[in-house]
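Using the sequences plus the hints, can you model the full thing?
Number of protein chains: 2
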Amino acid sequence: MSKMKPFNTLVSRQEALDIILKKVNQIKRKEKICIENARGRILAENITAEFNVPPFDRSAMDGYAVKAEDTFGASTFVSKKLKLIGFQHAGENWTGKIEKGECVQVATGSPVPDGSDSVVMVEYTKMEGQTVEILKPVYPKANISPEGEDLKKGDSVLSSGEILSPAKIGVLAALNIQQVSVLEKPKVGIYSTGSEIKPLGEALNPGQIYDVNSYTLASVISSMGCTPIRHNIVGDEREIIKAALEQASKYDLGVFSGGSSVGVRDLFADVIASMGKIYFHGVQVKPGKPTLFGEVNGSPIFGMPGYPTSCLSNSYIFLAPALKKIAGLPRLPPKQVNAKMSQRFVSSSGREQFLTVKIEKGMVIPVFKKSGDITSMANADGYIILPVNLDVIEEGEEVTVTLLN
Amino acid sequence: MSKMKPFNTLVSRQEALDIILKKVNQIKRKEKICIENARGRILAENITAEFNVPPFDRSAMDGYAVKAEDTFGASTFVSKKLKLIGFQHAGENWTGKIEKGECVQVATGSPVPDGSDSVVMVEYTKMEGQTVEILKPVYPKANISPEGEDLKKGDSVLSSGEILSPAKIGVLAALNIQQVSVLEKPKVGIYSTGSEIKPLGEALNPGQIYDVNSYTLASVISSMGCTPIRHNIVGDEREIIKAALEQASKYDLGVFSGGSSVGVRDLFADVIASMGKIYFHGVQVKPGKPTLFGEVNGSPIFGMPGYPTSCLSNSYIFLAPALKKIAGLPRLPPKQVNAKMSQRFVSSSGREQFLTVKIEKGMVIPVFKKSGDITSMANADGYIILPVNLDVIEEGEEVTVTLLN
Numbered sequence: 001m002s003k004m005k006p007f008n009t010l011v012s013r014q015e016a017l018d019i020i021l022k023k024v025n026q027i028k029r030k031e032k033i034c035i036e037n038a039r040g041r042i043l044a045e046n047i048t049a050e051f052n053v054p055p056f057d058r059s060a061m062d063g064y065a066v067k068a069e070d071t072f073g074a075s076t077f078v079s080k081k082l083k084l085i086g087f088q089h090a091g092e093n094w095t096g097k098i099e100k101g102e103c104v105q106v107a108t109g110s111p112v113p114d115g116s117d118s119v120v121m122v123e124y125t126k127m128e129g130q131t132v133e134i135l136k137p138v139y140p141k142a143n144i145s146p147e148g149e150d151l152k153k154g155d156s157v158l159s160s161g162e163i164l165s166p167a168k169i170g171v172l173a174a175l176n177i178q179q180v181s182v183l184e185k186p187k188v189g190i191y192s193t194g195s196e197i198k199p200l201g202e203a204l205n206p207g208q209i210y211d212v213n214s215y216t217l218a219s220v221i222s223s224m225g226c227t228p229i230r231h232n233i234v235g236d237e238r239e240i241i242k243a244a245l246e247q248a249s250k251y252d253l254g255v256f257s258g259g260s261s262v263g264v265r266d267l268f269a270d271v272i273a274s275m276g277k278i279y280f281h282g283v284q285v286k287p288g289k290p291t292l293f294g295e296v297n298g299s300p301i302f303g304m305p306g307y308p309t310s311c312l313s314n315s316y317i318f319l320a321p322a323l324k325k326i327a328g329l330p331r332l333p334p335k336q337v338n339a340k341m342s343q344r345f346v347s348s349s350g351r352e353q354f355l356t357v358k359i360e361k362g363m364v365i366p367v368f369k370k371s372g373d374i375t376s377m378a379n380a381d382g383y384i385i386l387p388v389n390l391d392v393i394e395e396g397e398e399v400t401v402t403l404l405n
Numbered sequence: 001m002s003k004m005k006p007f008n009t010l011v012s013r014q015e016a017l018d019i020i021l022k023k024v025n026q027i028k029r030k031e032k033i034c035i036e037n038a039r040g041r042i043l044a045e046n047i048t049a050e051f052n053v054p055p056f057d058r059s060a061m062d063g064y065a066v067k068a069e070d071t072f073g074a075s076t077f078v079s080k081k082l083k084l085i086g087f088q089h090a091g092e093n094w095t096g097k098i099e100k101g102e103c104v105q106v107a108t109g110s111p112v113p114d115g116s117d118s119v120v121m122v123e124y125t126k127m128e129g130q131t132v133e134i135l136k137p138v139y140p141k142a143n144i145s146p147e148g149e150d151l152k153k154g155d156s157v158l159s160s161g162e163i164l165s166p167a168k169i170g171v172l173a174a175l176n177i178q179q180v181s182v183l184e185k186p187k188v189g190i191y192s193t194g195s196e197i198k199p200l201g202e203a204l205n206p207g208q209i210y211d212v213n214s215y216t217l218a219s220v221i222s223s224m225g226c227t228p229i230r231h232n233i234v235g236d237e238r239e240i241i242k243a244a245l246e247q248a249s250k251y252d253l254g255v256f257s258g259g260s261s262v263g264v265r266d267l268f269a270d271v272i273a274s275m276g277k278i279y280f281h282g283v284q285v286k287p288g289k290p291t292l293f294g295e296v297n298g299s300p301i302f303g304m305p306g307y308p309t310s311c312l313s314n315s316y317i318f319l320a321p322a323l324k325k326i327a328g329l330p331r332l333p334p335k336q337v338n339a340k341m342s343q344r345f346v347s348s349s350g351r352e353q354f355l356t357v358k359i360e361k362g363m364v365i366p367v368f369k370k371s372g373d374i375t376s377m378a379n380a381d382g383y384i385i386l387p388v389n390l391d392v393i394e395e396g397e398e399v400t401v402t403l404l405n
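Protein chains in written order, with the numbering used here: chain S, 1 to 405; chain B, 1 to 405.
Simulated from the structure, these hints should not be mistaken for laboratory data.
Quick reminder that beta carbons are idealized off the backbone N, C-alpha and C, glycines included.
Incorrect hints may have been included.
Unchecked claim - If you want a taste of the chain S side facing chain B, the calculated C-beta under 8 Å gives, among others:
#1 A60
#2 P206
#3 N338
#4 K340
Okay, structure coming up:
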């Protein structure tokens with residue numbers, strides 16, 4: 001006979017998160033990739049400068065390399081005249097030496113010629129033939145970037161664990177590093193379960209719906225620096241679920257949706273318990289109560305609710321922090337804004353409630369329909385989390401909205 | 001003879017931005033892609049629901065489908081007993097009809113059997129053999145999601161121009177849409193210019209440095225939803241620059257770095273003026289004055305400063321807004337935080353200043369070294385923009401930091 005089995009103890013959102021973050025570990029596998037493709041990746045080696053950058057004293061300005069003392073006392077009214085003895089443009093190597101009373105034209109980035117100790121900006125000069133008039137004095141070292149100012153040979157410049165930003169990729173380029181060791185992107189297996197779920201492209205029979213969760217999950221997973229691998233839909237049979245879990249345990253993480261509720265066909269929890277461990281089953285959040293977290297063959301496995309909005313909201317609340325930890329991404333606070341409720345909202349679920357909202361003209365408007373409705377999320381700018389013991393938010397009350405994307 | 005040519009009139013940051021945004025246009029080319037790869041892409045068609053989702057009245061709970069009136073008056077103490085006449089699990093199609101006094105077991109997501117108008121949650125029932133005791137009454141329509149509740153046939157569900165979020169991809173999946181029309185990613189050609197610039201992997205001659213800008217620019221460009229195409233370094237010769245500009249004009253945007261300053265070798269402005277138009281040359285920002293914006297063969301061309309930090313900071317200030325507009329991305333306000341200066345800072349550049357900073361223990365610490373130093377950016381959490389007329393920020397004064405990445 002088919003008995004349904006209500007949830008036993010539910011864990012709170014915070015307990016669930018704590019368990020998840022304790023059980024998942026940062027990926028250890030590394031790979032070498034070109035710096036061109038390294039934006040957003042996690043550095044997996046320490047980088048030391050092997051030479052000075054710049055590799056020579058260079059001019060920070062377009063102008064004239066001089067001996068500073070030759071310019072002292074110069075002004076627009078009483079210029080100092082210097083003899084122009086050469087041109088040193090960026091990329092060239094003028095090999096002479098500047099003596100007292102002489103100057104060399106230099107461009108931004110050019111090496112500073114021997115004998116000079118400073119550069120006068122072109123704006124404060126006049127050139128006529130072989131003579132350059134200096135209209136403003138400079139200090140010794142003025143407008144020169146000394147060798148090694150940017151990166152000094154032997155300096156630790158980047159550390160394992162840093163996210164490669166455009167500027168950090170610039171540091172690697174400056175040091176002639178074309179390939180860099182980064183953490184591999186964690187591989188995450190995705191499985192939609194349930195015989196009512198149909199793959200896209202096939203015709204629906206009565207009682208069937210299309211697979212939504214494997215697509216929304218794949219999107220969230222790729223946005224968290226992981227590689228999603230979508231699999232065929234898993235039927236409601238013990239052996240099929242078992243085989244899928246066996247396969248999922250080969251990934252860094254396996255994510256199932258559906259089958260973790262209390263219906264007679266919801267075998268998922270039974271099967272995972274028989275193969276590995278369940279850390280929790282049932283979370284005190286609404287929507288998304290039927291969420292499971294466990295492991296098979298030492299690999300973490302999520303059982304997400306089958307309903308599209310519950311699945312997606314819990315993927316933001318529970319799955320995303322796990323993915324970030326595995327991928328080595330820092331756990332930054334989410335982007336939030338405060339705004340006022342446009343209407344009274346009554347809640348009495350006895351669970352923390354994840355309420356999707358839109359922000360229009362600075363006011364917060366609930367857009368949640370039902371947990372089965374993907375439009376509850378698709379039309380939302382973000383969500384508010386209502387505490388367990390909160391029954392009513394009044395119109396005009398300020399709430400904190402966590403922005404999606 | 002080699003004359004340097006100082007900048008004439010500088011445009012302000014705001015003027016430069018206004019010109020850029022007036023001159024660049026959103027890409028028109030579209031492509032069909034799989035929804036699996038569509039996260040973050042810009043929808044280029046309107047989507048209408050071609051069928052109802054859900055396609056049938058479905059149970060929102062695990063429980064028993066009933067006639068609501070059969071449950072009226074039920075309580076924990078005085079239950080109502082109904083005859084269990086069948087099982088309707090998700091994905092199945094029980095074809096009978098419920099009569100007065102009867103019920104059918106249903107799972108979340110199952111179709112609601114004919115004859116029933118509501119579902120009693122399993123938690124408020126007891127099943128013994130063929131009898132189900134109902135412990136709490138339900139209203140008609142309770143715990144049922146009617147056909148089309150999520151998406152109604154004929155409804156406009158997504159519009160051209162929307163960014164495809166995980167939830168919106170879920171909407172497409174729910175509607176059995178596997179391929180979707182999106183804006184193409186704009187192609188952006190990148191060219192580092194200057195004979196002092198060496199490609200990575202080659203040995204440096206005296207006076208040479210490695211190409212940093214093509215890598216930092218490529219990272220910024222890909223982060224803005226565009227495809228960067230890096231090219232060989234362009235030498236300081238008129239014909240070579242001309243050929244590169246000709247090639248660059250085939251892209252949706254061309255970005256050059258270096259060569260746009262006032263040095264004798266800085267031919268870039270001359271060449272672009274001879275081939276197309278210059279909209280501005282020289283911006284009142286520090287660092288990054290030698291920035292140029294123009295067009296060749298109707299395609300927008302940026303000339304960025306050669307110095308790595310100037311190039312990168314101006315790519316955040318000027319290039320990124322242009323890329324977003326071309327790619328069709330919304331111009332969201334950047335992520336900013338307010339914090340107090342850890343030290344006095346004196347500035348008197350007569351230009352708006354882009355000052356890179358770190359935030360440590362809630363205090364803002366300037367990390368800017370020189371505009372040639374990529375570490376000025378690599379070590380920064382963000383930047384503050386100091387107005388033209390500001391000379392001093394006092395220790396403890398609050399400033400607004402725009403966060404990088």
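Checked hints:
1. This hint holds: S:A60 has a C-beta 6 Å from the nearest C-beta of chain B, less than the 8 Å allowed.
2. For S:P206, the interface hint holds, the least distance from its beta-carbon to any beta-carbon of chain B being 4 Å, beneath 8 Å.
3. Of the supplied interface hints, the one on S:N338 is violated, with its beta-carbon coming no nearer than about 14 Å to a beta-carbon of chain B, more than 8 Å.
4. The restraint placing S:K340 at the interface with chain B is violated, with a minimum CB-CB distance near 19 Å, outside the 8 Å limit.
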